[in-house]
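*Asks:* One point on numbering: in my numbering, the residue at position 214 of the sequence shown is 214, and numbering is uninterrupted.
These are computed hints drawn from the structure, not numbers from a lab. Where a beta carbon is used, it is the ideal one built from N, C-alpha and C, also for glycine. There's no promise every hint is true.
[To be verified] Below are the DSBU-like pairs computed for lysine-lysine, each with C-alpha atoms no more than 30 Å apart in a straight line:
id: 1; residue 1: LYS122; residue 2: LYS62
id: 2; residue 1: LYS107; residue 2: LYS77
id: 3; residue 1: LYS62; residue 2: LYS74
id: 4; residue 1: LYS201; residue 2: LYS220
id: 5; residue 1: LYS77; residue 2: LYS106
id: 6; residue 1: LYS309; residue 2: LYS196
id: 7; residue 1: LYS73; residue 2: LYS62
id: 8; residue 1: LYS196; residue 2: LYS235
id: 9; residue 1: LYS106; residue 2: LYS62
id: 10; residue 1: LYS271; residue 2: LYS201
id: 11; residue 1: LYS122; residue 2: LYS235
id: 12; residue 1: LYS106; residue 2: LYS220
[Unchecked claim] Label pairs and their computed distance ranges (CB to CB):
id: 13; residue 1: ARG224; residue 2: GLY133; range: 13 to 21 Å
id: 14; residue 1: LEU112; residue 2: LYS309; range: 31 to 39 Å
id: 15; residue 1: TYR228; residue 2: GLN146; range: 38 to 46 Å
id: 16; residue 1: ASP60; residue 2: ALA159; range: 42 to 50 Å
id: 17; residue 1: GLY255; residue 2: ARG147; range: 45 to 53 Å
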Amino acid sequence: MILHILNGDATREIFEQSGLEGDMIVWREMLCEGKAPATEELPRFFEERAAHLQQVYGLDRKTYLDTIGEDYKKLGKASSYDEVVLWFEFDLFCQVNMLFVLYYLKKLNPALPPVSIVQLHKHPEVPNFRGLGMLRQEHLPPLFEQRVYLQEEDWQLAADAWEAYRSEDPLALEQLSYHRTERLPYLGIALQAHLKRLPGKENGLNAVEHFFLDRLSLGKLRERDLYYQFWDELKIYGFGDFQLDIYTQRLQRAGVVQRNDEMLCLTGLGKEILNAEENYLSFACQDNIWIGGIPLEHTPWRWDDEEGKVVHS
């Protein structure tokens, strides 16, 4: 019997119609968003994360713990299967979830069966491919046949990357972003996209915030149209409406973006920040905002876009 670990409900819908056999877990976490507690104890990890998600994002703590608890129990039974197959995408959202799953599969199951992975960043029959949920049911069996089996170096890279992702110091993660294996080809670029979420050295804007302000500097846009531009050009993040709404709301609270009905426009302050005449961090509230193990309110680390690396401010 095979255990399939799917990256979300969109994939589940087509998987159930694909004819592929086996049990499945639908991994619904969004570990790229918010705090990733630096603890080895899974119950404590989930408790801390649940409290954080409720306080910052308004997500119900009990609902989160009930949902994740079921998936966690299934991960702990992976050793009873003949094979485990991971279905994850190329973007930051999926790659961070994948790191967590790999780390705790190993931790919870000392004697694992073979573990394989299905990953892709494009498909010949799907223009502007952004994820597995865009495929049709007949696409999945051929992808299953092309799955690759993880080797020891992949497990080590995943473990190191997950531990580094939970650290307040991003330098180890930056070094790991240059390490690639044949079976994990998308991890490095996803980790680099994560590091670009640090405040920018020049004006305090991270990559996502800069993208929004840059597009709005060209004129007013409907929020949905702005999101579609983001999905076309920065698909490496894999963010959905939930994550992008968080960004636009924070930009509005900082006074750099203004909403009029469905339209978003750049304010005078937004233009000054975009031109590096002001610093976004002087106006944005960063209280309890985390990316992985990094609390943005206190971090001295910045992303230097000109040098393409993390720097200490």
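*Asks:* Evaluate each hint against the coordinates.
*Replies:* Evaluated hints:
As the CA atoms of LYS122 and LYS62 are separated by approximately 37 Å, the hinted pair breaks the 30 Å bound. At roughly 12 Å between alpha-carbon atoms, LYS107 and LYS77 fall within 30 Å of each other, so this suggested pair holds. Restraint check for LYS62 and LYS74: the C-alpha separation of about 19 Å stays at or below 30 Å, so the hint holds. The hinted pair formed by LYS201 and LYS220 meets the criterion: a straight-line CA distance of about 27 Å does not exceed 30 Å.
Under the criterion of a C-alpha separation no larger than 30 Å, the hint pairing LYS77 with LYS106 is consistent with the structure, at around 11 Å. Restraint check for LYS309 and LYS196: satisfied, since their Cα atoms lie roughly 9 Å apart, inside the 30 Å limit. For the proposed pair LYS73 and LYS62, the alpha carbon gap of about 16 Å is at most 30 Å, so the pair holds. Of the supplied pair hints, the one linking LYS196 and LYS235 holds, its CA atoms being roughly 14 Å apart against a limit of 30 Å.
Under the criterion of a C-alpha separation no larger than 30 Å, the hint pairing LYS106 with LYS62 is consistent with the structure, at around 27 Å. As the CA atoms of LYS271 and LYS201 are separated by approximately 17 Å, the hinted pair is consistent with the 30 Å bound. Using a Cα cut-off of 30 Å, the hinted pair LYS122 and LYS235 holds, with the two alpha carbons roughly 12 Å apart. About 49 Å separates the Cα atoms of LYS106 and LYS220, which puts this hinted pair outside 30 Å; it is violated.
Hint check: ARG224 to GLY133, Cβ distance near 19 Å, so the stated range 13 to 21 Å holds. Restraint check, LEU112 to LYS309: a C-beta distance of roughly 36 Å satisfies the suggested window 31 to 39 Å. Evaluation of the 38 to 46 Å hint for TYR228 and GLN146 yields a failure: the beta carbon distance comes to about 30 Å. Between ASP60 and ALA159 the CB atoms are about 31 Å apart, so this pair departs from the stated range of 42 to 50 Å.
Range check, GLY255 to ARG147: Cβ separation about 49 Å, and the 45 to 53 Å hint holds.
The structure is inconsistent with the numbered hints 1, 12, 15, 16, although it conforms to all the rest.
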